[in-house]
Amino acid sequence: MNSFSIAFGNFKRNMRVYGLYIMSMIFSVLVYYNFVALRYNPDFMKFDGSTYIKGTSQVVTYLLLLFLIFFIWFSSSFFLSQRKKEIGIYAFMGVTNFQIASIYFMELIFMGIAAITVGLLLGIMFCKLFLMMLAKVAIMNSKIRFFISIKAVITTAVTFFIIFFINSLLGYINISRSKLIDLFNASKREEKYPKASYIKGVLSIISIGIGYYFARNALGEKFITNIPLAIVFVVLGTYWFFGAVYSIIMKIIIGRKRILYKGVNIVTMSNIAFRIKNNFRTLAAVCVLVAMTLTAYGTVASLKYFVGIRDSIQTPYSISYISDDATVKQKVADNLKTQGKTITMNEKIKFLMLKPKIDEASKCVQKNEATPIVKYSDLVRISRKLNAKKTNYIQKNKLQKNKAFYIETPTVVMSLIDMNSGTAQMNGKKYSIISTLKTPLFGNGVPDGCLILNDEDYNKLKSGNKEYEFNGIRIDKTDDMKKVASSLSKISEIKSSLFTNISKDKSTQSTFGIIYFLGAFLSIVFIVATGSIIYFKLVSEAYIDKNKYTILKRVGMTKSEMHKSVQKQIGISYILPLIVGIIHSCVAMSVLSKMMNYNIIVPAVRSIIIFVVVYGIYFLATTRKYLQIAE
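Counting from -8, one number per residue, gives the positions in the sequence shown under our numbering.
Since the hints were derived computationally from the structure, they do not count as laboratory data.
Treat the hints with care, as some may be off.
Only pairs whose alpha carbons sit at most 20 Å apart, straight line, appear in this in silico SDA-like list of lysine to any residue [unchecked claim]:
1) LYS191 <-> ILE243
2) LYS539 <-> SER551
3) LYS616 <-> ALA533
4) LYS616 <-> VAL530
5) LYS380 <-> VAL593
6) LYS376 <-> ASN337
7) LYS348 <-> ASN393
8) LYS585 <-> PHE297
Note that the structure is a prediction, hence the values are computed from the model and not measured.
Input sequences plus hints: build the corresponding full structure.
What follows is the structure, encoded as structure tokens:
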């Protein structure tokens, strides 16, 4: 039997044993193909935003590829470590290291070819579904046809073959340089109880705290410097945390006899404590990946959540125009009546257009730009009528003299500027901006940010300045707004200021839809991969613990006690990096909330729940596999 036959036989036998490894490779190929195929699909290239889609998908593809290279390398290392004892048997039988390395090399190549083939077939099958979902969030009206991109197939096949070839080559070099004793003892590692470094433990907390401080103060010109510093300090602190604080916690638990000798805790805690030295790097890396993935998904989910409610800010009215002429208003009412429309809301807002002098601290208001000025009582009235989310806040924080609110420009989604500060000077008087709000008022009918003043201050400013009147109307039937808008535009007095809800820009909604879909899809890949990393790590430990649990069963450990011990051991490996990662991401999300000037707790909680559910599934799968091996 030659090397080729042995390698092919091993490949067929190990298909079931290393099922998750092979499935992970197939999933990687499937996802990568879909992202590449997006750039070559003719139906998408006809879309107005095709350039943006192509650019975004290219960036996402590169990020995905970098992550998949790391993931495949890690998975292959796990695969090799589990095979070394078997490889050692070949060496014991007289087969040379180079022959064994060749067998292993060919076996991995077979697995790579199988993963590429199956992944491409599944990718082609699901590509249309993937693109249809993307077309829906991108508000594309064109039909998506089934299309096989030969360029995408070749690109994916060549890319992954190179990755698998390099991984196989590294395995070949590893085995060819290994000694027989190293191959037999590959699964045996020296396990020592780690020294608890209190200094490093304190430094880890301080480092993470400094990172959080930089992140929380990253608005304005500090953003470019603070965010990289925050990442460095948090990553460094996390690494030390799992290397030191984790050891300290385990030392405290083991030192408490009441906890240690309860049930099978002595077995569980010993397994965990003696492996901290070998495992803390993996746990720290997983924690950082969890934080990154949660933050990334939370960000795109928050953007989608905000885009879902931004219509209430951009288009709170069916129709709006600027005019204080009673005759013009009557013309509008008569026109709508002629078209069979019933007015359900007709609100007017008086405002001034002034150019306030802005100090350096007040970066929210554009300098040398005419800014609408509205009185506080009108803001309260409109907020109540529109049932705005900020109504309670506005009512509770009644504006005093010389104080002002700033209402953000309706189209602003997020900003790096800290806008809750500064002053605006008008007619020689200064007004302190105490808060910046994202709330409906004019909508895109007056697409500018505006200042809200105390009624008394507004009335003083009104003297000597022209006052305008904004009219916001809601009608009962909005299914034919194009016709309504066309008819109203014939009223010459309002043509220049007329805005209807069909005039809203859908390109932003389309853009954020694309970002959400691609970001969410990428996050799913990261979630699956990070869960798989822990899975591979714990399954490799199961092979090491097999003999240990066999002995414990002989001396009286019941099946139930064994299950409890394994569940606790695996649970800590999943829960600890998940909890720390969630804390990191919550800090990052709070920064995002400040940038968006909006409460994003709903999408943040949803993101965490999704992650917890996926990790829960991995926990159950890992426990089941661990017990199968150990029993």
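Which of the stated hints cannot be reconciled with the structure, identified by number in ascending sequence? none
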